[in-house]
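S.K.: Please build the complex by placing chain B on the supplied structure of chain A, with the hints as guidance.
Quick mapping for you: the protein sequence lines, in order, are chains A and B. Going by our numbering, 241 is the number at position 241 of the first sequence; the sequence numbering is gapless. Going by our numbering, 1394 is the number at position 394 of the second sequence; the sequence numbering is gapless.
None of these hints come from the bench; they were simulated from the model. We treat Cβ as the ideally placed atom computed from N, Cα and C, and that holds for glycine. Take the hints with a grain of salt, since some may be wrong.
The list that follows gives simulated cross-link-like pairs (lysine-lysine, DSS-like), each with its CA atoms no further than 25 Å apart [claimed, not checked]: (1) K149/A <-> K1382/B; (2) K1319/B <-> K153/A; (3) K299/A <-> K153/A; (4) K1318/B <-> K1382/B; (5) K153/A <-> K1382/B.
Which bits of chain B does chain A cover? Going by a derived footprint, with three or more residues having C-beta under 8 Å, they are [stated by the list, open to error]: (6) 1165–1179; (7) 1315–1322.
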Amino acid sequence: MRGARIGTLFAVGALLAGLLGTGGSAAGAGGPLGGTAGGTAGGGRGEALVHLAAGAPENAPENSPENAPGNAVANAVEADGCDTGASLPPKEQVGSRIRAIRERGYLVVGIDQSAYNWGYRDSQTGRIEGFDIDLAHAVAGSVLGDPDKVRLKAVATADRVALLQAPDRPVDMIARAMTITCDRLKQIAFSAPYFNVSQRVVAPKSAHAGTVDQALRGKDVCVAENSSSAAALDQDRHGARKVLTPENQLDCLVLMELGEAQATLSDSSLAYAMVAQDQTMQLVDGSFLPTYMGVGMNKQDTDLVAWVNQVLADWRNSGGWQASYDKWLRPTMGDPGPYRPW
Amino acid sequence: MAAQTQGSVLAPAPAGGPVAVPGGAGPVGRLSGPLARLRRAARTPPGRLRTAAAVLVALTLLFGVTAAWQSADRAAAARQLASRSEPLSQDAAELYRSLADADATAAAGFLMASAEPPEVHAQYQADLDTAARLIPQAAARSGSSAEAQRLLAELGRQLPRYAGLVESARAINREGLPLGGAYLRYASAYLQEEVLPNAQRLADAEAAALDGDYDAAAAVPWAALVLGVLLLGALGRYQVVLFRRTNRVFNPGLLTASAAVLTALVWTAAGTVAAGTGLHGARTQGIAPLRDLNRVRVEALRAHTAEVLDLVSRGATKKFEGEWQALAGTLADPAGGAGSVAGLLAAPPDRARQQLADARHWFEVWQQRHATAGQLGAGSAKDAYEQALGATLTPGRDDTARAAFDAAGQQWEQAARAEQAAFEAAAGGIDGALGVQAAAAGLLAALAVGGTVRGLGRRLAEYR
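Extracted from the complex, chain A is given alone in its bound form:
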């Protein structure tokens, strides 16, 4: 009950701050995070809301010059007034959700098992690994004192929001290359951003597509069902002839290899994962709809949201984010600059 009331308070606070806080108001990296990265000290202590991330995602990440760690810049405020970069201030305080997880003895994290380098099953070892999986282990280590006390549960792209809203909590959180959108913020809570993403098009090199429009116009385009890319394609089809929506973004790569689709629209994170698995594919120049990636949670679990934000801050400050990036993503994505949301 108390948790719910606090949740409401925070939600109201978030709304207010979202409406007001357009001008780099709350560089929360300062106070509560311990600021080893030397973030800009902000006056955000009194606020119910902290912008961990402010990586100028309005620009295409590749083109944005200022990406130094801890660099708090403008927030991403979308047209309808929601702030996709906003979340609760980081805090390690035991609430009802944390207590329930500790009683259970393990953390249940919804993951993807087919997002190469993000959350995927190594088909040789049978183990689930990747950047998002490192994050799941980090949260388990922080909440339960053992990074292995985590149950990884595969969730379908289309089911993510419903699973987080379910009252019996089939999953505590979802770390699955999930894009923070205003639509989703109305239904679930997100952690602070931990990665910058935008929409990218993947197409066979043989298509010789120079621009997004060239790659999509008149083509059979593939997007994962209920993904942010599907929503983006709904708003603007870019002349696509037909839209295929399999359950999983990786199914799009199979369809392209088999010639059933000629292009795929995807988050940049997963677009790179596709190209990494098939050298005959390429990322088409040009990205759009820049936004963030966050950990999804239930709106009522404010203690967990704050806790995860603390883990993210620690992960970032201790170099854990960088280490995981270097291990999983640098070989395919290169310099991390454009992807750091701080």
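M.R.: Here is chain B on its own, set in the frame of chain A:
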């Protein structure tokens, strides 16, 4: 009907002859031409004899042809049943099973990852080889319907595509990329949604053809039997007439004809009963239990596929758990309803009783182990998934759910072989016996024609 009319024409003619001739002579006598001459000739005593001989011979020939033709028809159907439609039906069921097993085995190999032992891939390969052998074999068997040929051609086109998708998945899996899993999903969906429905349609078509052949082989040759009885009656009746007219007790020719027709009639009736008994045995010991067994084996296979795919999905969907629940519910029905393991033992063929009982034991072990694996998966251990996976399938361990499923499957396979042998024992020879019966009916009818001609020829000679 024709026989009846002829019989009734035949019977009163000699009896009413002396009365009818004077009364009818006037008006008919005025007519001229060949028809009238024929009628006049038929009214004379030798004419009546000739008419009777012609009618009796025609009736005997009709009986002989009908009996021989109907017996030969049943012999052909029995031969079709034993040599074509039953094997084709079994082949179609086997084809479906090998394809579904390939799917389950490929998924199991995927879950075992690099620990996949060579036997698992060998089993997948054997499944594909079986399918690749059965498709042209079924197509080559003469007499398949156009629909069956179309389905076989379609399956022959689909099989290499499926195999190619699985090989792509394997090659990519060897590099550790998740794309291999996506290929396997695609391959599995392709098999489930496009290939297996064709295999099912083929199995249904072959089962319908089998039923058709069975019904044709077991049909009672009513026309031949009715004709035979009428013919016997006519022969008997005419002998009585001749006896009254000539005071000769026996006409050896007609007596021979009667004996021949009686023999043919009894042979046909007895042969029909014998073939019916044999076919009934083939159905109760072979066709019906095989059909029930095929259904249970396919359901068990689909349940195992759902069990494995549920682990592959790692909880991403409840679909496979639901499929398992539905199939296991039917299979484990204690009341022995259709498609249940208990139902196979309700009235099992003797030859397969032991195998079916053993299979039931392993089926129950499988269900228990699946439940245990489910409890492990839902348990609180942090490696709950790995434990559930290990309890379901681990290469080299024989206490897993898959091992129990395999054991049950092997017993079912042996039971199917025993039932197949029972079918062959019961159905074998039926076509031969019916063939002999057809030939015998023909020969006996010829003998009867000879007897009739000879017997009435003697009487005719008395008028010269």
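S.K.: Can you name, in rising order, the numbers of the hints this structure does not satisfy?
M.R.: none
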